[in-house]
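Start from chain A and add chain B according to the hints.
For the protein sequence lines, the chains are A and B, in the order given. Just so you know, we're using numbering that gives the first Met the number 0 here: the first sequence kicks off at 0 and counts up by one. Just so you know, we're using numbering that gives the first Met the number 0 here: the second sequence kicks off at 0 and counts up by one.
These aren't lab readings, by the way, just hints derived from the structure by calculation. None of these values were measured; they are calculated from a predicted model. Be aware that a few hints might be false.
In silico SDA-like cross-links for lysine to any residue, where the CA-CA straight-line distance does not exceed 25 Å [to be verified]:
id: 1; chain 1: A; residue 1: K81; chain 2: B; residue 2: M69
id: 2; chain 1: B; residue 1: K45; chain 2: A; residue 2: G96
id: 3; chain 1: A; residue 1: K74; chain 2: B; residue 2: H64
id: 4; chain 1: B; residue 1: K45; chain 2: A; residue 2: A60
id: 5; chain 1: B; residue 1: K45; chain 2: A; residue 2: L107
id: 6; chain 1: B; residue 1: K103; chain 2: A; residue 2: L107
id: 7; chain 1: B; residue 1: K100; chain 2: A; residue 2: K81
id: 8; chain 1: B; residue 1: K100; chain 2: A; residue 2: Q304
id: 9; chain 1: B; residue 1: K103; chain 2: A; residue 2: R14
id: 10; chain 1: B; residue 1: K100; chain 2: A; residue 2: R21
id: 11; chain 1: B; residue 1: K103; chain 2: A; residue 2: G19
id: 12; chain 1: A; residue 1: K74; chain 2: B; residue 2: M69
id: 13; chain 1: B; residue 1: K103; chain 2: A; residue 2: A23
id: 14; chain 1: B; residue 1: K45; chain 2: A; residue 2: N109
id: 15; chain 1: B; residue 1: K100; chain 2: A; residue 2: G19
id: 16; chain 1: A; residue 1: K74; chain 2: A; residue 2: T95
id: 17; chain 1: B; residue 1: K103; chain 2: A; residue 2: R21
id: 18; chain 1: B; residue 1: K45; chain 2: A; residue 2: P90
id: 19; chain 1: A; residue 1: K74; chain 2: B; residue 2: T66
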Amino acid sequence: MTTSQIDPALLDLARRGLTGERRAIARLITFVENRSPAAPALMHELTPHTGRAHVIGITGAPGSGKSTLTNELIKEYRRQDKTVGVVAVDPTSTLTGGAVLGDRIRMLENYQDAGVFIRSMATRGQLGGLAAMTNDVVRVLDACGKDIIIVETVGVGQDEVDVAKAAHTTILVEVPGMGDDIQAIKAGVLEIADLLVINKADREGVEKLDLYLKAMLNLAPRKPWRVPILKTIAAQGAGIPELTRKIDEHLAFLKSSGEYEKRERARLRDELLSRVREEISRRILRRELQAGGLAELVNQLENRQLDLNEAALQLLAQTRL
Amino acid sequence: MSQQSAPTAGDQGQNQPEMVSENFRERPIRVLIAKPGLDGHDRGAKVVTRGLRDAGMEVIYTGLHQTPEMIVEAALQEDVDAIGLSILSGAHNVLFPRIMKLLKENQMEDVLVFAGGIIPPEEEPQIRALGIGAVFGPGTTIEDTANFIRQNVRPDAGLASGETSGGSETWVDAGDKGQ
Chain A
0 MTTSQIDPAL LDLARRGLTG ERRAIARLIT FVENRSPAAP ALMHELTPHT GRAHVIGITG
60 APGSGKSTLT NELIKEYRRQ DKTVGVVAVD PTSTLTGGAV LGDRIRMLEN YQDAGVFIRS
120 MATRGQLGGL AAMTNDVVRV LDACGKDIII VETVGVGQDE VDVAKAAHTT ILVEVPGMGD
180 DIQAIKAGVL EIADLLVINK ADREGVEKLD LYLKAMLNLA PRKPWRVPIL KTIAAQGAGI
240 PELTRKIDEH LAFLKSSGEY EKRERARLRD ELLSRVREEI SRRILRRELQ AGGLAELVNQ
300 LENRQLDLNE AALQLLAQTR L
Chain B
0 MSQQSAPTAG DQGQNQPEMV SENFRERPIR VLIAKPGLDG HDRGAKVVTR GLRDAGMEVI
60 YTGLHQTPEM IVEAALQEDV DAIGLSILSG AHNVLFPRIM KLLKENQMED VLVFAGGIIP
120 PEEEPQIRAL GIGAVFGPGT TIEDTANFIR QNVRPDAGLA SGETSGGSET WVDAGDKGQ
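Bound-form chain A, shown alone:
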């Protein structure tokens, strides 16, 4: 696809986004988030301009203070004269498909600052998954010149781990007294966190949680990057400069150790493969839904004439992929 083939209006939209125009950025995100037919052309235009931002993932249980922490990080980074993009993810109701997106409520102080762009996103349960959608939205913000991009996630499930993988630096937020020790063992995110933050550190139980997290980290296989544990009281802004220093340190470590390129390659490989998976299932579904072959196979599954493997192989054979 060359630039000349792209609709001039879309090209113009992409160019305005690249100059940082907020309305254009908002619209670009809408296209990408909805997997609009125009999205591939837009991503083609934007991709050469990506790869400059430092992507920070923030995850943790609901109520741990992720949004408030994000708000404090925005303020600190603005003090450092860096532009900030935020993608705040909230869950879609599986029953109705609707969602309440309320993270923005904690980030209202920054509304008059052209250097900050905040976008709320629902998980939706799209084909290709939340991670694919989030990565594309991050790319838009990256291309449109944001120095720091913070992805704030819901805090539960495998999607979280995937989204966190897309970040250069992943922060897990914990709060004292939020549950027994076993919760931290169960959480897959603990394994991929680059920084642990004990937020609401003025509460009872900080030392216990700190001790516990240290013990968990000591049990994990030794890695060159020692995961630090930081204490913040986000609602009062306490501990935030220290946190951004550690985030910077982590980025410096990634770059000096060669880990940055390694992660980038691994991530792109994962993304490519999942995009291919998405495309394959889309084509199969489209063809089969039109031809009616899918319904017939489901019938045979229902009658126990076929097992799942046989049906899947037949479907693949029929579509000649």
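Only chain B this time, still in chain A's reference frame:
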């Protein structure tokens, strides 16, 4: 995007199938529920927020005490299809015109605006004259509100306004034929 460009998308569809979600046309309507001004009660706004969520919409709620600037900036960044303004304080005649003016300044006239709360019925005509689509007083059902939004948002609910208006349906159809 102009109508003429649709064939391009179709041609593209043949050589290079585009990666589009099948449920593309069923994507949720995005609504901002905002509380302009100084009144301190948002029970109603929260009920509407929850109700519209249950009606399948993505609802951004920004809390109490919002200035017109905050509301319009949030609507802009979130690229919402509709804005619901809830007001109980009686300051609507000051705040609504400012909000509508800011929307216009940001070329966001295609965003549907509706109001709710305590607004004297005799003032409705002048509020609607500002470009506000409806005024929902106490007793309005969520269903009525949701239906009003569905019927009155920009037809493609956000994928083609202004500079890119006109053809998302055409693209999808063209793409489908391309397969």
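Note to self: Hint check: K74 (chain A) vs M69 (chain B), CA-CA at most 25 Å. Holds or violated?
What the structure shows: holds, 17 Å
Checklist line | Pair hint K45 (chain B) and A60 (chain A), alpha-carbon separation not exceeding 25 Å | finding: Measuring from Cα to Cα gives roughly 23 Å; hence the hint holds.
Note to self: For a C-alpha distance cap of 25 Å, please report whether K103 (chain B) and G19 (chain A) respect it.
What the structure shows: Within the cut-off at roughly 20 Å; holds.
Check: Is the Cα-Cα distance between K103 (chain B) and R14 (chain A) 25 Å or less?
Finding: holds, 23 Å
Check: Quick one, are K100 (chain B) and Q304 (chain A) close enough, alpha carbons at most 25 Å?
Finding: violated, 66 Å
Notebook entry, point to check: Would the pair K103 (chain B) and R21 (chain A) pass a check requiring their Cα atoms to be no farther apart than 25 Å?
Noted result: Cα-Cα ~15 Å, so holds.
Notebook entry, point to check: Is K100 (chain B) close enough to R21 (chain A), meaning Cα to Cα at most 25 Å?
Noted result: holds, 18 Å
Note to self: Run the distance test for K74 (chain A) versus H64 (chain B): straight-line Cα separation, threshold 25 Å.
What the structure shows: Measuring from Cα to Cα gives roughly 21 Å; hence the hint holds.
Notebook entry, point to check: Holds or violated: are the alpha carbons of K74 (chain A) and T66 (chain B) at most 25 Å from each other?
Noted result: holds, 20 Å
Item checked: Pair hint outcome, K103 (chain B) versus A23 (chain A) [Cα-Cα no greater than 25 Å] -> holds, 16 Å
Notebook entry, point to check: Is the Cα-Cα distance between K45 (chain B) and L107 (chain A) 25 Å or less?
Noted result: The hint holds at about 18 Å.
Check: Would the pair K74 (chain A) and T95 (chain A) pass a check requiring their Cα atoms to be no farther apart than 25 Å?
Finding: violated, 36 Å
Hint compliance for this structure: hints 7, 8, 16 are not met, and every other hint is.
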